[in-house]
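Combine the two chains into a complex, taking the hints into account.
In case you want the letters, here they are:
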Amino acid sequence: MAEQKYDVIVIGGGPGGYAAAFMAADLGMQAALVDPEENPGGVCLYRGCIPSKALLHVVKLKQEALEASEFGLSFDEPDINVKKVREWKNSVVQKLVGGLGQLSKKRKVEHIRGVAKFTDANTLEVEHDGKSQEVSFEHAIIATGSEPASIPGLEFSKNIMSSASALDLPDVPDSLLVVGAGYIGLEIGSVYAGMGSKVSVVEMTDMLMPGADRDLVDVFAKRNKELFEEIMLETKVAEISGKRKLKVKLEGKHEGEYKFDKVLIAIGRKPRTKNLGLENTQVETDDKGFIKVNEQRQTAESNIYAIGDVSGEPMLAHKASHEGKIAAEAIAGGKVAYEPKAIPAVVYTDPEIAWCGITENEAKAQDIPIKVVKFPWAASGRAATLGRSDGLTKLIFDPDTERILGVGIAGKNAGDLIPEAVLAVEMAAVAKDFSLSIHPHPTLSETIMEAADVLYGQATHIYRPKRKKK
Amino acid sequence: MAKEIKMPQISEDAESGTIVEVMVSEGDTIEEEQSIIAVESDKASVEVPAEAGGKVKEIKVSEGDEINVGDVILILEAGENGEDDQAEDEEQEEKEDEQPEGKKKEKAEEEEEDDGDTEAKEKDPKEEVDKDEVEDEENEDADRKEKDKEAEGKNKKEANKKGEVPAAPSVRRMAREMNVDIYAVKGTGPGERITADDVKAAADGKSGDQKKSASEQSQESSLPDFSQWGEIERKKMSGIRKATAKSMGNAWRTVPHVTQFDKANISTLQDFMEQYEAKAAKAGAKLTVTAVLVKLSASALRAFPKFNASVDIENQEIIYKKYINIGVAVDTENGLLVPVIRDADRKSVTSIALELGEIAEKAREGKLSMDEMKGGNFTVSNLGGIGGTNFTPIVYHPQVAILGVSRNQIEPVYEDGEFKPKTMLPLSLSYDHRAIDGAEAARFLRWMCQVMEDPFVMLMEGGI
Ligand SMILES: Cc1cc2nc3c(=O)[nH]c(=O)nc-3n(C[C@H](O)[C@H](O)[C@H](O)COP(=O)(O)OP(=O)(O)OC[C@H]3O[C@@H](n4cnc5c(N)ncnc54)[C@H](O)[C@@H]3O)c2cc1C
Numbered sequence: 001m002a003e004q005k006y007d008v009i010v011i012g013g014g015p016g017g018y019a020a021a022f023m024a025a026d027l028g029m030q031a032a033l034v035d036p037e038e039n040p041g042g043v044c045l046y047r048g049c050i051p052s053k054a055l056l057h058v059v060k061l062k063q064e065a066l067e068a069s070e071f072g073l074s075f076d077e078p079d080i081n082v083k084k085v086r087e088w089k090n091s092v093v094q095k096l097v098g099g100l101g102q103l104s105k106k107r108k109v110e111h112i113r114g115v116a117k118f119t120d121a122n123t124l125e126v127e128h129d130g131k132s133q134e135v136s137f138e139h140a141i142i143a144t145g146s147e148p149a150s151i152p153g154l155e156f157s158k159n160i161m162s163s164a165s166a167l168d169l170p171d172v173p174d175s176l177l178v179v180g181a182g183y184i185g186l187e188i189g190s191v192y193a194g195m196g197s198k199v200s201v202v203e204m205t206d207m208l209m210p211g212a213d214r215d216l217v218d219v220f221a222k223r224n225k226e227l228f229e230e231i232m233l234e235t236k237v238a239e240i241s242g243k244r245k246l247k248v249k250l251e252g253k254h255e256g257e258y259k260f261d262k263v264l265i266a267i268g269r270k271p272r273t274k275n276l277g278l279e280n281t282q283v284e285t286d287d288k289g290f291i292k293v294n295e296q297r298q299t300a301e302s303n304i305y306a307i308g309d310v311s312g313e314p315m316l317a318h319k320a321s322h323e324g325k326i327a328a329e330a331i332a333g334g335k336v337a338y339e340p341k342a343i344p345a346v347v348y349t350d351p352e353i354a355w356c357g358i359t360e361n362e363a364k365a366q367d368i369p370i371k372v373v374k375f376p377w378a379a380s381g382r383a384a385t386l387g388r389s390d391g392l393t394k395l396i397f398d399p400d401t402e403r404i405l406g407v408g409i410a411g412k413n414a415g416d417l418i419p420e421a422v423l424a425v426e427m428a429a430v431a432k433d434f435s436l437s438i439h440p441h442p443t444l445s446e447t448i449m450e451a452a453d454v455l456y457g458q459a460t461h462i463y464r465p466k467r468k469k470k
Numbered sequence: 001m002a003k004e005i006k007m008p009q010i011s012e013d014a015e016s017g018t019i020v021e022v023m024v025s026e027g028d029t030i031e032e033e034q035s036i037i038a039v040e041s042d043k044a045s046v047e048v049p050a051e052a053g054g055k056v057k058e059i060k061v062s063e064g065d066e067i068n069v070g071d072v073i074l075i076l077e078a079g080e081n082g083e084d085d086q087a088e089d090e091e092q093e094e095k096e097d098e099q100p101e102g103k104k105k106e107k108a109e110e111e112e113e114d115d116g117d118t119e120a121k122e123k124d125p126k127e128e129v130d131k132d133e134v135e136d137e138e139n140e141d142a143d144r145k146e147k148d149k150e151a152e153g154k155n156k157k158e159a160n161k162k163g164e165v166p167a168a169p170s171v172r173r174m175a176r177e178m179n180v181d182i183y184a185v186k187g188t189g190p191g192e193r194i195t196a197d198d199v200k201a202a203a204d205g206k207s208g209d210q211k212k213s214a215s216e217q218s219q220e221s222s223l224p225d226f227s228q229w230g231e232i233e234r235k236k237m238s239g240i241r242k243a244t245a246k247s248m249g250n251a252w253r254t255v256p257h258v259t260q261f262d263k264a265n266i267s268t269l270q271d272f273m274e275q276y277e278a279k280a281a282k283a284g285a286k287l288t289v290t291a292v293l294v295k296l297s298a299s300a301l302r303a304f305p306k307f308n309a310s311v312d313i314e315n316q317e318i319i320y321k322k323y324i325n326i327g328v329a330v331d332t333e334n335g336l337l338v339p340v341i342r343d344a345d346r347k348s349v350t351s352i353a354l355e356l357g358e359i360a361e362k363a364r365e366g367k368l369s370m371d372e373m374k375g376g377n378f379t380v381s382n383l384g385g386i387g388g389t390n391f392t393p394i395v396y397h398p399q400v401a402i403l404g405v406s407r408n409q410i411e412p413v414y415e416d417g418e419f420k421p422k423t424m425l426p427l428s429l430s431y432d433h434r435a436i437d438g439a440e441a442a443r444f445l446r447w448m449c450q451v452m453e454d455p456f457v458m459l460m461e462g463g464i
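Sequences listed follow chains A and B, in order.
Each step along the first sequence adds one to the number in my numbering, with nothing skipped, and position 301 is 301.
Each step along the second sequence adds one to the number in my numbering, with nothing skipped, and position 119 is 119.
In isolation and in its complexed conformation, chain B is listed as follows (with noise of 0.2 Å):
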């Protein structure tokens, strides 16, 4: 029996990513859980593990392909890999010597039929995988014929691209420049025809994030030509930056921006770090003012709860998160990456400065897992290691807040009558002012500073 291993779900917002690497051959045995292929999408590159075990019959894809949820990646003879599964294997690459355009053909037919099927379709892959061995046989001089018919492209990477497709062809073109896959629309004219509204449709109904990328293309097109006034390079985006541009193009949208500025006065924490930067470095972590920060900011959203929120505009709801989990900026050679730290409120800063240490790496090298980025409620973005006086972060759609930290600097503090050096933090906060209002935020931010000044005084008003 053969069985169609499919690309499964890796984040809650990515439907699609591009294949950066397929990681077995055609004649391989997996087991289940290894790795297939790497994925990049939506901020990371992720490997994706097998869901059964066997032998690898064919694969689907290829490097460099774009692949949504759901897609066959490769099928698997799950049978005990006896001596029968061999047999077929060898008849099996005979023939697809033989007849790579025939095979072809019959999978676009396939597509042809699910068109018109689509429950059949669900029904049960593995029997049309079957029939499709059957007919390999029972067709072989047809397809021989067929092959002789075939005008189609004759590149392998396509093969599964190819079949009916209920559309004119303006309205086919009109989805390759959308970037809108004809395969996965469905059609809602006459015997499922796809219109151009069924494309349009399909554009503004992925995800938010997808839809900027048509309204970017068109922007994109309307461009001057830059080299009539000297050279020019054009290049394409990397998965990474991709989902940058299209979650922080989103963000700004929907997102009604306030920031807040604010410094902490930190020279009382400076000195307890470095004198506890020993024990912690014991326990394998480097501590930092980041470190800190993620801790700090796990009690503020404790304490201001609203600022550990999402905005459901559609059903005008607040959603408060119960759990405190923390994004953290972190930069890479590949560009900007957000891996998450899980409850930061029950950790301590030691053991978020160790985490972080890992993650950080872990990140740097590419080998983050999406679930490792998913499910943050507030993130901390701290370019002071690079210098800046200050900067207006944006907010990590769908969080409501983001902290800005930049560079500490010693400036004059005017204290008991006189001019005293102090090491002040700058600090900025944005928030989504749909949720929040600027004083709450000014009250988060003040709050945050104080602690950091002087927690004491916290403890004993209340408050961490």
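Okay, chain A solo, but in the shape it has when bound (with noise of 0.2 Å):
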């Protein structure tokens, strides 16, 4: 094979790889992509962001229909064909990633099939189909991903599932235990819930989501108070016997043995370097084993960077992408640093939840001074055209500065709604600047609005006797 030298060759084809190849190929460079797969889309779009939503939207049409009757329109009890429901999330899997394959040859970004490591700093042995063949490049993009972590002891198997088996929704069983209440866990619970599965939720800690605002997980906890069979928190899976039926023992809070036909371990993602070669490099990881990157996600090879899961929290597709093109860009020569401020964070159950920004945990964690306002939904009326007043908008302020610091959403598409509060945090923005922004009515959008004028006392749906200056 002749020997070909690329500018830059991006190893992994998830969000974060295909988006720094297209913009290296953009920029004008000769750019490869690698991934086993036929066409690019990673975690992502094979067995993560992409297949989830498309089945959360199934089960949230399912609610919503059930729902409708109070309204005074009824439907027959849905009925739900997995086979189909599989079959329509598979598509649209297969469209997206088709389009994404299409995307690369009209960049001329050559798509190379097989699993890389590096054997060099400037080389790659690709393998494919047991054939390999040996890659030369200028610069490398590390974009490997992550993969499900998985309890030391406890093998996945067809019963004992991992989000991505999880995901190909091989059946809807009976009872379903899902281990860790972060938001995958939550998530595809929620789709098997949905689809008719009883399912329990077991965690560590003494919250779901760990991490997030307890009062923004509480208006998705009390939303979905019957979702679930059981919620046991802080309590541990301590072993996991027996093949048809599995037999659970928890240590904890809720001690026992359970019994449940399959198990969805959700317990974490890990980083994804093993079998990379990078011992043939100075690449560095982490004692998490996140591989160690600058500001321009440049490893510690420096013709080698790393971006996405692989290099480092929040675990997220968009965080990936956006280090993938700064990476792209750094490597052209341009003057440019991943400095976020705010990345957003969205769970997808229903009610969503997002966040950006500072949260008020980390606020107080880490003694930052804040002032917190809120909105509760019931004074929404958008919220209420909807049936769905069980929502909460609040704002994080710097208490002298009033500069918008963190904004965290529970309810119907707040997903859709946070990304104002992460242009609002990026451009530093002050409380009045969403005060004084019309905002359309009627949407949920104005409930961003109103907390703020909250802030000052005059939120026109709220009334509160006016607060004293300090």
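Derived by calculation from the structure, the hints in this document are not laboratory data.
The model shown is predicted, which means the values in this text are computed figures rather than measured ones.
We put the CB at the ideal spot given by N, CA and C, even for glycine.
Worth double-checking, as some hints may not be accurate.
As the list claims (entries may be wrong) - In silico DSBU-like cross-links for lysine-lysine, where the CA-CA straight-line distance does not exceed 35 Å:
hint, chain 1, residue 1, chain 2, residue 2
1, A, 364, B, 186
2, A, 364, B, 6
3, A, 5, A, 53
4, B, 60, A, 371
5, B, 3, A, 364
6, B, 367, A, 364
7, A, 371, B, 347
8, A, 335, A, 106
9, A, 222, A, 253
10, B, 6, A, 292
11, B, 200, A, 292
Stated by the list, open to error - Short derived list, chain A residues pointing at chain B, Cβ under 10 Å:
hint, residue
12, 108
13, 336
14, 339
15, 344
16, 397
17, 433
Structure below.
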């Protein structure tokens, strides 16, 4: 095979990897993308964001159809055809990854199928179908993402599922135990519960969505009291045995033995650097296995960059793509840096939970003085028209400058409301900016404007006696 | 008690420099005045002394970093080096291993607070550091969690760069592209938001020199792609190159230059120098034309005070200097350096020659201190050793004149009805026409030539 030297080679075709490769190509560099799949997409498209959201949409529709009877609109009991749902979900994925494949071709990004390994700081060995080839490069961007963490001593199997196998939707078990109440556990748990499984959740810490602000999580917990069979906090899985019915031994607050048809392990994800040949380069990893990078996402080996899940928290697709573009621009000689002030996080359960910038928890932990104002959706006209007054919008400010440091929203479509907040935090907007920007009526976005008004004691739809200045 | 050692003002017009060497390590015990880092900036590599002694707890900078006046270089535990310190030290080290991210985050937040309250920042750096330590302990758990949250670069050297900065992403990028440290820009917008105008103002507010760097850059980006015509290589400018580029560009734009040429008949001077050489050598000095010209320039500045001045356009004033310091351009491997001979008017040619020898040596070894290059009033640039018939030097702003010297040559001079061979020294005097007019410059240079031709005449007629 004729040897070719690429300006930039990207390892891993996830949202970080393909964004980087496309940007590199757009900047005039010769770029290649290595991934085992036929098309780019990575975890996000094949077994993460996209399939989970497609399935969540299905169960949300079902739930809304059921609730519509309250407004006088009745349907027959929804009937879920699992096979068709699965096919539809797969078709969504195929459509998107196919589109990415086309975009690669149009941009002349070489798609090299296979699994890559560094043999030195300028060469990769790419293996596919038992055949291997050498590829050399000027710059490499590692975007190998992450994989589900497992419980030591517990192998994933047909019945002990990872998020990936759960999203394949092989069937809808009668009972399912979700281990880990982070966003992945709650999202996939919601899917299976919506499809008819009896879903229980076990979580080691004392709250759902550890890390998120409690008042936001409460909005979720209140509405979903019935969704889950049982929520077992401060409890740990000690042992799982049995083949057909799984016997699960729990330790902690809800100690005991329970039986489930299936278990989903969603206890977190770990960066994927195994068998990557990093030992043949200067690239360093930290104690959690993340690749160490600087502001430009450059590793200790100066021509090798790392982005996405493999380069650190938060492990989110949009953070990966942003980093990918920064790395490509840095390679092209741009004066750029990865320096976000607000990375939005969205949990696509019903209600959705979304936040960006600093959280109340973080502020407390770091002793940062903040001022918080909240606007309950009970006072939102739009929420009422949707029959969904269960929501909360809260703004976190710097008390001196009234600069917006963070925003948290729980409620229907919270994820679609958060970008305004991201822009505000990034732009260093102050509360007055929210308050003086006319928001369309009636929309849920008004809750952001009115939350800011609350600060000045002038929210139209809330009456509070005027606060005294300091 | 911990103490921060900050970057001092190393020269009157240098606000920043590049660290070329970090001379101490964490854990070292240093003394007051001990050199801790070497910084290459505005024309020299300077060693920065510690303003206090103690045990180095943490070094905040590394080689290659840009450093600004006021930046923290390192943190000292200024205790008695007693057991307490030791224990604390170990603990600190452990903690650092465990949670670099947490620390970094804290630093970031500290800066965030600073944004909101610069006053507090200046209040007591010691206290802040102490607080940090306490927090370290208290928030160990939280920090661990934070560590998970952190998505930032993990290189330690960036630790102090992170933080809340109230500026839009586009403004932050603009600052980066304009070489403006956004963390040093004060925001004028609501909530102290930094606007695009603030960044531009910061770029302009830098010395004229730095303003140039922005315009230079925009020129740079409009360069054609040379590689289309053949192979090229790009190399970073050295600190000295950057400084020269900046100050010369600045001088060229600020100063309306005129250059006056003349020739001095130095036959007699040469004879005298030959005779005197051995005597000077005994004193350890090498007698050179440059040494003579430095002395002579000093006398000329006395005779023509307009040349010993600076122009203050803003206040529409001319600043006359009552002291006479002469800069001498020295060609070194790393580039042009201009050490200054102080009070040249009060020194003999021999002692100037002696000093020149020492200072040139230091310049070539890169050991000149910033002080040794500051405060010149006039400059002598002698390229005669290399050759050339004449050149037009650029005035070393804010000085108002510079003397260029080229290679002397034996030329036929028509004297007493015949051509006689004479050693002629070509001189060029570039001057700032805002302060000096052509006739004055012509007189100044003629005066110098005449003194070299016949010092006695000048003695008789006055002027020396
Ligand atoms: C169930 C689930 C739901 C999620 N939902 C969301 C969401 O709603 N929003 C969100 O922002 N994020 C979500 N995420 C996280 C998101 O998927 C990741 O943050 C994102 O995919 C990271 O992108 P990446 O580019 O770093 O790598 P990945 O998407 O992980 O892609 C890495 C790619 O590299 C390939 N690869 C690995 N090693 C090699 C090698 N040696 N050679 C060649 N190729 C290699 C892999 O096969 C893979 O294709 C979800 C994740 C899961 C599991």
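Status of each hint after checking the structure:
For a cut-off of 35 Å, the pair hint linking residue 364(A) to residue 186(B) stands: about 27 Å separates their Cα positions. For the hint pairing residue 364(A) with residue 6(B), the CA-to-CA distance comes to about 30 Å; that is within 35 Å, so the pair holds. Simply put, residue 5(A) and residue 53(A) have alpha-carbon atoms about 39 Å apart, too far for the 35 Å limit, and the pair is violated. As the CA atoms of residue 60(B) and residue 371(A) are separated by approximately 32 Å, the hinted pair is consistent with the 35 Å bound.
Between residue 3(B) and residue 364(A) the alpha-carbon distance is near 27 Å, which keeps this suggested pair within the 35 Å criterion. Taking the CA atoms of residue 367(B) and residue 364(A), the gap is near 51 Å; set against the 35 Å cutoff, the hint is violated. A hinted pair counts as satisfied when its Cα atoms are at most 35 Å apart, and residue 371(A) with residue 347(B) does not qualify at roughly 69 Å. Our distance criterion of 35 Å between C-alpha atoms is met by residue 335(A) and residue 106(A), whose separation comes to about 27 Å.
Taking the CA atoms of residue 222(A) and residue 253(A), the gap is about 21 Å. The hint holds against a cut of 35 Å. For a cut-off of 35 Å, the pair hint linking residue 6(B) to residue 292(A) stands: about 28 Å separates their Cα positions. For the suggested pair residue 200(B) and residue 292(A), the alpha carbons sit about 34 Å apart, so the restraint of at most 35 Å is met. At its closest, the beta carbon of residue 108(A) sits 20 Å from a beta carbon of chain B; the interface hint therefore is violated under the 10 Å criterion.
Because the beta carbon of residue 336(A) sits about 7 Å from the nearest beta carbon in chain B, less than 10 Å, this interface hint is met. Taking 10 Å as the C-beta cut-off, the interface hint given for residue 339(A) holds, the closest approach to chain B being about 7 Å. Nearest Cβ of chain B to the Cβ of residue 344(A): about 12 Å, over the 10 Å cut. The hint is violated. Interface hint status for residue 397(A): upheld, as the beta-carbon distance to the closest one in chain B is roughly 9 Å, under 10 Å.
With a cut of 10 Å, the hint placing residue 433(A) at the interface with chain B holds, because the nearest CB-to-CB distance is about 7 Å.
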